[in-house]
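Enquirer: Could you build all of it, start to finish, from the sequences and the hints given here?
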Amino acid sequence: TQLLEQSPQFLSIQEGENLTVYCNSSSVFSSLQWYRQEPGEGPVLLVTVVTGGEVKKLKRLTFQFGDARKDSSLHITAAQPGDTGLYLCAGRTGTASKLTFGTGTRLQVTL
Amino acid sequence: KAGVTQTPRYLIKTRGQQVTLSCSPISGHRSVSWYQQTPGQGLQFLFEYFSETQRNKGNFPGRFSGRQFSNSRSEMNVSTLELGDSALYLCASSQDRVVEKLFFGSGTQLSVL
Chain A
1 TQLLEQSPQF LSIQEGENLT VYCNSSSVFS SLQWYRQEPG EGPVLLVTVV TGGEVKKLKR
61 LTFQFGDARK DSSLHITAAQ PGDTGLYLCA GRTGTASKLT FGTGTRLQVT L
Chain B
1001 KAGVTQTPRY LIKTRGQQVT LSCSPISGHR SVSWYQQTPG QGLQFLFEYF SETQRNKGNF
1061 PGRFSGRQFS NSRSEMNVST LELGDSALYL CASSQDRVVE KLFFGSGTQL SVL
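Protein chains in written order, with the numbering used here: chain A, 1 to 111; chain B, 1001 to 1113.
These are computed hints drawn from the structure, not numbers from a lab. Just so you know, even glycine gets a beta-carbon here, dropped at the ideal spot from N, CA and C.
Simulated pairs of lysine to any residue, SDA-like, Cα-Cα distance not exceeding 25 Å:
| # | chain 1 | residue 1 | chain 2 | residue 2 |
| --- | --- | --- | --- | --- |
| 1 | B | K1101 | B | F1069 |
| 2 | A | K70 | B | G1042 |
| 3 | A | K98 | B | G1084 |
| 4 | A | K98 | B | G1003 |
One-sided and incomplete, this derived list gives chain B residues near chain A with beta-carbon spacing under 10 Å:
| # | residue |
| --- | --- |
| 5 | V1004 |
| 6 | Q1006 |
| 7 | S1033 |
| 8 | F1047 |
| 9 | F1050 |
| 10 | R1055 |
| 11 | L1088 |
| 12 | C1091 |
| 13 | S1094 |
| 14 | E1100 |
| 15 | K1101 |
| 16 | G1105 |
| 17 | G1107 |
| 18 | Q1109 |
DEER-style ranges, computed between Cβ atoms:
| # | chain 1 | residue 1 | chain 2 | residue 2 | range |
| --- | --- | --- | --- | --- | --- |
| 19 | B | T1014 | A | N18 | 46 to 52 Å |
| 20 | A | D67 | B | S1086 | 37 to 43 Å |
| 21 | B | P1061 | A | Q14 | 40 to 46 Å |
| 22 | B | I1012 | A | V50 | 37 to 43 Å |
Expert: Structure below.
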């Protein structure tokens, strides 16, 4: 069974702070995605990384795929209340149509 | 372009009953995946359909089944409901055959009493 462990599980910070969320596995993934889910809604795709060592930036969010394609991180600079939500990483093996989701990191950003 | 639509939004059932959930994918999307989300287990893959064929199945008991129609709409059925089936059931559609980019619906919140 492929497992994706995320840390931390919960994070409560103030507006303007920086944070990093980690997604780790013992399995190698062909691609890894990050989603954000808000209460009462389904997850929304933020980014897909496919190459080991790849770094992608989305405004204040920076995503990195580990060199061995077993782990990933999400860094948020100067967090804002609008960043509040559940962050989920999800990995895919080969061309399989199944995504394995991480355990999730619940982020709360307060004023 | 309308998003993924799931109905009903909320559902309350009792143990032993069965339930059918519906999902209408984004127009033009031929792949539909179903996931179960619970606080303890997170998001777990149920199954995926492409052009009316089940291509992949997760590790759930046979009580969980699904199907896809020629218009790509999908339904999932859970028979003989158990308390542990209480969860948010999410449907996601994808245009790609490889299912690279998933678009999720808002889900059906099922409560089993």
